[in-house]
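Trainee: The listed protein sequences correspond, in order, to chains A and B.
Using the working numbering, the first residue of the first sequence is number 1, and each one after it goes up by one.
Using the working numbering, the first residue of the second sequence is number 135, and each one after it goes up by one.
If you're looking for bench data, these hints aren't it; they were derived computationally from the structure.
There could be a bad hint or two in this list.
Heads up, simulated EDC-like pairs for lysine to aspartate or glutamate below, C-alpha to C-alpha not over 16 Å straight-line [said to hold, decoys possible]:
#1 A:39 <-> A:98
#2 A:39 <-> A:93
#3 B:219 <-> B:173
#4 A:46 <-> A:98
#5 B:208 <-> A:93
#6 A:46 <-> A:81
#7 B:276 <-> A:118
#8 B:271 <-> A:93
#9 A:39 <-> A:81
#10 B:208 <-> A:42
#11 B:276 <-> A:93
None of the values given here were measured: they were computed from a predicted structure.
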Amino acid sequence: MAIGFDQALGVHPQALLLRGKRAELLADNLANSDTPGFKARDIDFKQVLSQVNEQQTGKKLPLQQTHQDHLTGLRQQGDADLLYRVPIQPAIDGNTVDTQQEYSIYARNAMDYQSTFEFVNSSFKGLTKAIKGQ
Amino acid sequence: MALVNVFNIAGSGMSAQSVRINTVASNIANAETVSSSIDQTYRARYPVFTAISPQQQNVSFNQLLHEQQPQTEKGVMVKAIVESKAPLQRRYEPEHPMANDEGYVFYPNINVVEQMTDMISASRSFQTNVEIMNTAKTMLQKVLTLGQ
Numbered sequence: 001m002a003i004g005f006d007q008a009l010g011v012h013p014q015a016l017l018l019r020g021k022r023a024e025l026l027a028d029n030l031a032n033s034d035t036p037g038f039k040a041r042d043i044d045f046k047q048v049l050s051q052v053n054e055q056q057t058g059k060k061l062p063l064q065q066t067h068q069d070h071l072t073g074l075r076q077q078g079d080a081d082l083l084y085r086v087p088i089q090p091a092i093d094g095n096t097v098d099t100q101q102e103y104s105i106y107a108r109n110a111m112d113y114q115s116t117f118e119f120v121n122s123s124f125k126g127l128t129k130a131i132k133g134q
Numbered sequence: 135m136a137l138v139n140v141f142n143i144a145g146s147g148m149s150a151q152s153v154r155i156n157t158v159a160s161n162i163a164n165a166e167t168v169s170s171s172i173d174q175t176y177r178a179r180y181p182v183f184t185a186i187s188p189q190q191q192n193v194s195f196n197q198l199l200h201e202q203q204p205q206t207e208k209g210v211m212v213k214a215i216v217e218s219k220a221p222l223q224r225r226y227e228p229e230h231p232m233a234n235d236e237g238y239v240f241y242p243n244i245n246v247v248e249q250m251t252d253m254i255s256a257s258r259s260f261q262t263n264v265e266i267m268n269t270a271k272t273m274l275q276k277v278l279t280l281g282q
């Protein structure tokens, strides 16, 4: 039985990609912490990843389309919207970036990135061992 | 690679904040620059920040993730440096060498306390961007060890 990379690594590579993109979003929030009228954005990581996971593991059956105009019935993989952060307190210039909050979320995201990386890395190590036959 | 973009974003934040510190330095240095007419007096300068990418309403994360949408640049930039419209300080100092015929000299519309708080705010934001860059660097370095 062949072991594909997808089966061996599971959802973790996708999670790593998602974490990287989220880091970009949060960095953009922080860079614009002094921009008037800027609205902080973020994603619901849990929701996006669970959608990706459902598609991968096939828990949800895709709708069979016999015509190109048929609706897909399922949302596309990882199709989550960029959400707006709800500010704790209003700012005079309309900016909704709470630097301390954003920074703590960024740090948390970086930690999660590293732990996800460890999962991928150890899976790779396991595969390497299997290939070498040790 | 998303993490590489973090460097560009944090870098744009750092350069914007350094422009802000520059204007503060210029304002404080010229806080006592007097002149005898309104037109020639130094006025406080402030940078106007704006987000590089216009906030997109309906771009899903899927499009962003798989880059079906043309990759939009993110970050912050200095749109312009504007002069403050606050009234100048007119003081009656007839003995001052720069005094006009009526004995008045004009001082810039700079509040040094305001400038100092602006400077502290800019320096804190700069530090945050440096930390963002450092963390992204650690994350990228970790990725480079994949499989080792």
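Trainee: All hints are to be evaluated individually against the structure, with a verdict given for each.
Mentor: Evaluated hints:
Between residue 39 of chain A and residue 98 of chain A the CA atoms are separated by roughly 10 Å; this keeps the pair inside 16 Å, and the hint holds. As the CA atoms of residue 39 of chain A and residue 93 of chain A are separated by approximately 11 Å, the hinted pair is consistent with the 16 Å bound. Under the criterion of a C-alpha separation no larger than 16 Å, the hint pairing residue 219 of chain B with residue 173 of chain B is consistent with the structure, at around 12 Å. Among the hinted pairs, residue 46 of chain A with residue 98 of chain A is inconsistent with the structure: their alpha-carbon atoms are about 22 Å apart, more than 16 Å.
For the proposed pair residue 208 of chain B and residue 93 of chain A, the alpha carbon gap of about 20 Å is over 16 Å, so the pair is violated. In summary, the hint linking residue 46 of chain A to residue 81 of chain A is supported, as the alpha carbons are separated by about 13 Å, within the 16 Å threshold. Distance hint between residue 276 of chain B and residue 118 of chain A is fulfilled; the C-alpha atoms sit about 9 Å from each other, no more than 16 Å. For the hint linking residue 271 of chain B to residue 93 of chain A, the alpha-carbon distance of about 32 Å lies beyond 16 Å, and the restraint is violated.
At most 16 Å may separate the alpha-carbon atoms for a hinted pair to count; residue 39 of chain A and residue 81 of chain A meet this at roughly 15 Å. Distance restraint check for residue 208 of chain B and residue 42 of chain A: the Cα-Cα separation of roughly 14 Å lies within the 16 Å cut-off, and the hinted pair is therefore satisfied. Distance restraint check for residue 276 of chain B and residue 93 of chain A: the Cα-Cα separation of roughly 39 Å exceeds the 16 Å cut-off, and the hinted pair is therefore not satisfied.
Going down the numbered hints, you'll see the structure goes against 4, 5, 8, 11, while the others check out.
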